[in-house]
Amino acid sequence: MHSLVFLCAQKVVSHHATLRGALGFLPKDLYPVLFKAAFMDKRTLALQDLVQTWPFPVLSFQKLLRKCQHCERALIRERPNKLCIQTVILGVVTYLIKTLEDRHRSKSKGPRLQILDMTGLQDEGQGPETMSLWSRTVTLAKACLDISKQQSKCIKRASKRRKGPYNSSMALPPPQPVSVDVWVDLFVNSTSYGVLKDALQINSSNALRLRCRNFRVEELSIASTVGLLEFLDPAGVRQVDLRFNNLGLSGLRVVLPHLAKFTNLASLKLPYSNIDVRRLTVGMEGSLQYFATQLSRLACLKELNLGSSRLSGKLTQLLGDLQSPLESLELAFCYLLPSDLAYLSQSLHTPALKKLDLSGNNLSDCLLQPFRVLLAEASGTLLHLDIMECRMMDTHLGTLLPALCRCSRLRYLGFFGNPVSSKGLKNLLHQTIRLLDLKLVIYPYPVDCYGEDLPWPPTSSQLLDGSVDEEKFSRVNNELQQMLLSANRADAVWTTNLCRYNSLDNSIL
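Taking the working numbering, the leading residue of the sequence shown gets 378, the next gets one more, and so forth.
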């Protein structure tokens, strides 16, 4: 639903020549609604003019593209349009170049735009019209380098203008400083490392400066990772995500001390870091203790992801000295033992947990009872629960349901890849339908919808690779949807689609 103001804004941005002529007379308060209308309708010429004449010190995507009184569509939660993002960056670059030139000619009235906040844009899924986080990182890094070159040219020209007829220095007032800080999430790998490093190296003296909030690194050497971490603003970084870097305990021993300077670091993600504590040597035991000590130095840590690390029996050692409780804990495929879950259920973290991911751990055997206790302890705060590929059958689900139904605030349940029957799924829906905040359930294909050659009990890979009878599954899915409608829960989504709903906002930070 759009307000009359927004409909008028759409009309205005659709006529670029008229908008350009009117910008000098428009009230400042109209800029935000014009920006959103231009962004939504992909009016790139209008968008560029709006950015170049932006009358406020801050241009924030999260504030401008959210649901508002004039337009209920939350563009910030959609995949970002490539042309629109490029246009905004180009608009800022053009604004800076003009401001730099005017500044050295003593024509500047003072800089207007000071901060471009591009954080919060989605990075799920890609297509020809979207712009990934990696592409945004490279585009912004190149823009910083371009501005640096232009800045150098302006300084040289200004230096020549200051020379008098006999090479004596003229008494001209010093130019006003001008800069735009770009708050942004950065994603770097081996192919983008060079350009990002060059941009960060000139950050302190450049007119266009990158201020990183979330920093993601994939498949990069330890030395390169540490080098980039040293360039980042210590107070600005809130999340560090190091994945597929094959760090191991020895690599983490090198990297983790460099994280202590990030005083506001709330999220640390270290999935696929090649950690295996099951066969510790004396040296590795020391590295594990060092890892735990470094974690305890992160005073603001609220979110920790150690997915695909083999942490059997070591959770007490790793998490026991943390200074404050975690609100998000991801331990997928970590080969956990009953002692690990027993520790969690008694720790300071569990009563504060909003997100818990135990996917890939075998909850069908000796972990079931400790997990049930853990779930009961976390029931007051838990919003997001992932227990995919945990080998849970109907009987295990029945044991778990009383504790699950106590999670009155639960919004998301990931249950895909478990060998549950149609009857078990219907029971799960029937029991949890009273959880009014539960809006998304990713459920598995029922085992009775597979071919007769499905081994029993099936492994996760056998469920993923097995042949599903689409006709049988369609009937089961229809029954589930009808149960939702009959209970007046059309707001809840039950699906087997792992990808379509990845952009759902389940962030706890």
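Hints listed in this document are in silico derivations from the structure and should not be mistaken for laboratory results.
A quick note: this is a predicted structure, and the numbers were derived from the prediction, not measured.
Please note that the accuracy of each hint is not assured.
[Stated by the list, open to error] Straight-line C-alpha distance at most 30 Å; calculated BS3-like pairs for lysine-lysine:
| id | residue 1 | residue 2 |
| --- | --- | --- |
| 1 | Lys444 | Lys574 |
| 2 | Lys419 | Lys388 |
| 3 | Lys533 | Lys459 |
| 4 | Lys638 | Lys459 |
| 5 | Lys444 | Lys679 |
| 6 | Lys800 | Lys849 |
The hints, checked one at a time:
1. Lys444 <-> Lys574: Roughly 36 Å between the alpha carbons, so the hint for Lys444 and Lys574 is violated.
2. Lys419 <-> Lys388: holds, 13 Å
3. Lys533 <-> Lys459: violated, 35 Å
4. Lys638 <-> Lys459: violated, 34 Å
5. Lys444 <-> Lys679: Within the cut-off at roughly 27 Å; holds.
6. Lys800 <-> Lys849: Between Lys800 and Lys849 the Cα gap is close to 13 Å, so the pair holds against 30 Å.
Taken one by one, the earlier hints fail for this structure at numbers 1, 3 and 4, listed in ascending order.
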